[in-house]
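Student: Dock chain to chain to rebuild the complex, using the hints, since each chain is given by itself in its own frame.
Each chain is listed here by its residues.
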Amino acid sequence: MGRDRLRVVCYSLVMGVALLGIWQASVAGNAPGQGLPGPAAVARAAGEMLANPFYNNGPNDKGIGLQLLASLGRLAVGYAVASLVAIALGVVLGLSPALYRAVNPYIQILKPISPLAWMPLFLYTIRDSGWAAVLVIFMSSLWPTLANTAFGVVNIKRDYLHVAAILQLSWWRRLMQVILPAAAPAIVAGLRISIGSAWVAIVAAEMLIGGTGIGYFVWNEWNNLALTSVIFAIIAIGLIGVLLDAGLGRLSRRLAWSE
Amino acid sequence: MRFLDIDHVSKDFAGVSVFSDVAFSIAEGEFVTMIGHSGCGKSTLLNIIAGLEQPSAGGVVLSGREITGPGMDRMVVFQNFSLMPWMTVFDNIRLAVRAAHPDWSRRRVAEWVQRYVDMVGLTGAEAKRPAALSGGMRQRVGLASCSTSRSPRSTRSPAASSRTSSSACGRPAVTPCSWSRTMWTKRSCCQTGSRS
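Which chain is which? The protein sequence lines are A and B, in order.
Here our numbering is used: the first residue of the first sequence is 1, the next is one more, and so on.
Here our numbering is used: the first residue of the second sequence is 1001, the next is one more, and so on.
Don't read these hints as lab results, they were simulated from the structure.
The structure presented is a predicted model; accordingly, all values stated were derived computationally and were not measured.
One should not assume that every hint holds.
Within a straight-line C-alpha distance of at most 25 Å, the following computed SDA-like cross-link-like pairs (lysine to any residue) qualify [claimed, not checked]:
(1) K157(A) to R1098(B)
(2) K157(A) to A1127(B)
(3) K1128(B) to S252(A)
(4) K1128(B) to I113(A)
Chain B with its partners taken away, still in its complex shape (with noise of 0.2 Å):
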């Protein structure tokens, strides 16, 4: 069953092509790397696909939809990590919950984000901000951002969660890159990177 469909997309910056006529698709829970050297355009499909940047030529298709715009339903870990430096990481994720849940009361998101902060270790650095944090912390205060918009009812055991977000998508002890883009879908996972 094809869940992200990569449909002959190319790109081109002022007449000089990026790359063309990339085929590929990704199926619900697949674990995909792409690996290339520099400049080759990883980063710049990944963007396509986030909805951030339009190809030049075909389209990008996400469960029978064809992306038109950024959006919830497919998380992007900047090279950042996608932290806000202003904000404490409780407020690094209170903003992606209120985003993926704008309907909740504000005690309710409080309670996520605490829910959220436990499930990546990060209990008692709530007030902190990124950079008073390590790189690895970092990328935990991302994953627990980036996993808030995944429905609930599959965030609701803390078990299962931070497994998979140790394992399938994990610390740099994992997966021995330097983590400068990962996409999350609701149910897959995609990373550029170059090896460090």
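Excised from the complex, chain A in its bound form (with noise of 0.2 Å):
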């Protein structure tokens, strides 16, 4: 086990240095200011934003640390309301059958749609850019924990709800002690799905809405031609991400139960 993981380690590192070394070498020849920017660049200018990640000089010049926590408050509102929904109803879809399959036309309409094609609509009924933005985040978060719930809960065993109803447990209890836990594996699943599709729809909505979060940071360094800091958001954009996914397999693995 340890050999293995050392081995795995090594191959890793290996892997790491060697794209990094092609990345460098195929930038070498260039002259300062042109071209792709290397490693060595992005990691100057990664040092440079890093030490004073939270300043803030006016619309367009804020640092990555403050674009970094306005794109994940948004997504905390929009993920953990769709979250909500999309667990509320999936529970009411998975123990009504004849609801399900009455619904489910329309969510497989709806699911397929970029959660960005519903941009101007929201722009033109609320009128604001940010919860446009959080709107976005919603429909992106709600179709992967809707479906997972509903497909959890249909697929709870008989004999725990028959316990249930022989205990004549109240709707709450059943709820929180038999179905909500019982179904807990699938609907973190959708949950760990939804923050993902999320995560990725932000920064599209944020190019489109300007103003703040990682996603305009990208464009607006775009349009300042500072590649460096383009690629040194995309790592954070990933790094973030892999964060993310990290903590819901931590709830996963705590919510996990084997018959």
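Tutor: Structure follows, in structure tokens:
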């Protein structure tokens, strides 16, 4: 086990170093300021940005920390509301096969729509770009959780529901102690997919709405032709995505159960 | 004296008859085993007695009252021994104790749960989940959950209760059946299963 792990870490490190080497070699001939920046230049820019991540010099010049916090704030609101709605609706659909079949065609039509396609409607109806972005997050994180919750509840073993019926549990206790824990593994799997797609959607939404956020930062730095910042922002987006997923991974291990 | 009366019960699923005109009665304290080939309707009949399924014709009468739905006067030990796999042994029994005595304080409930845990000899395993227990241990947790609906008076004597649970509705050593389903009414026990 220990040796296997060591080998995996070694492979990973070798691959990472090789990629950085190829990247650095391919940009080595460029004159300073010309062509794609290499990893060394990106690292220098990253050092500068991380030295003061929370500065605020007006609307077009904010630290990367502030931009990430703005994006995470939108994500938190949109994702939390979407998760509550999706879990509640998913439980209702999962418990009522007829309703599930009736609603399913609409879900199937709505699911493949890119959450960004709703943006014009949101902008027109609520006239606030910040909240429109939150609604985009809402739309992007609704469907996976909804579908997984309904699936999880439909597939609860009848024995558990029978026990709940014999014990004559109140609907609240039945929900909190039987239905939700029984479906929890499926629900968390949905939540995990949702947070991934929400984090993907927020970058694009912020590019459209402007103002604040990591997506806007990427677009703004592109307009400044500051490619080092763009590349560093891309890496930051990836790392935060990993952290978000790891958090839900821990939740899923906590709620897992086996017969 | 008729305690449980199966009154000419028939059941069909989508027009296909599972059984028809089943009629027998069980006296208080009687121990009954139903034996039959797989698919002959043992579990279906038990589900009807439990109130989880409705008969297509006929009815079931318990102590003079017709059964219309599930209730704690007819506990069932299912294939999984009626345990919730996401709950600990303690929480599983507590779910049943709270259901049987909704007016009890948390402390009193916890006290009684511990009493049932001790009664079935699982002291020390309270915080384990069913997956960490052997089949026999799970079965004892299930029996403890089921006996919570009996009146506290009859369970106040742990020795008598554990004797009932091991000799009448026994452990696998006593009954060479795979315990697919067991039903307890307040004072009778009825079981279906296939021989293993």
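Student: Does K157(A) pair with A1127(B) here, judged by a C-alpha cut-off of 25 Å?
Tutor: holds (23 Å)
Student: Just to be careful, I want the Cα atoms of K157(A) and R1098(B) compared with a cutoff of 25 Å; is the pair within it?
Tutor: Holds - the C-alpha atoms of R1098(B) and K157(A) are around 23 Å apart, at most 25 Å.
Student: Check the hint pairing K1128(B) with I113(A) against an upper bound of 25 Å on the C-alpha distance.
Tutor: Violated: K1128(B) and I113(A) sit about 45 Å apart, past 25 Å.
Student: Taking 25 Å as the top limit, are the C-alpha atoms of K1128(B) and S252(A) close enough?
Tutor: holds (19 Å)
Of the hints listed earlier, the one the structure fails to meet is number 4.
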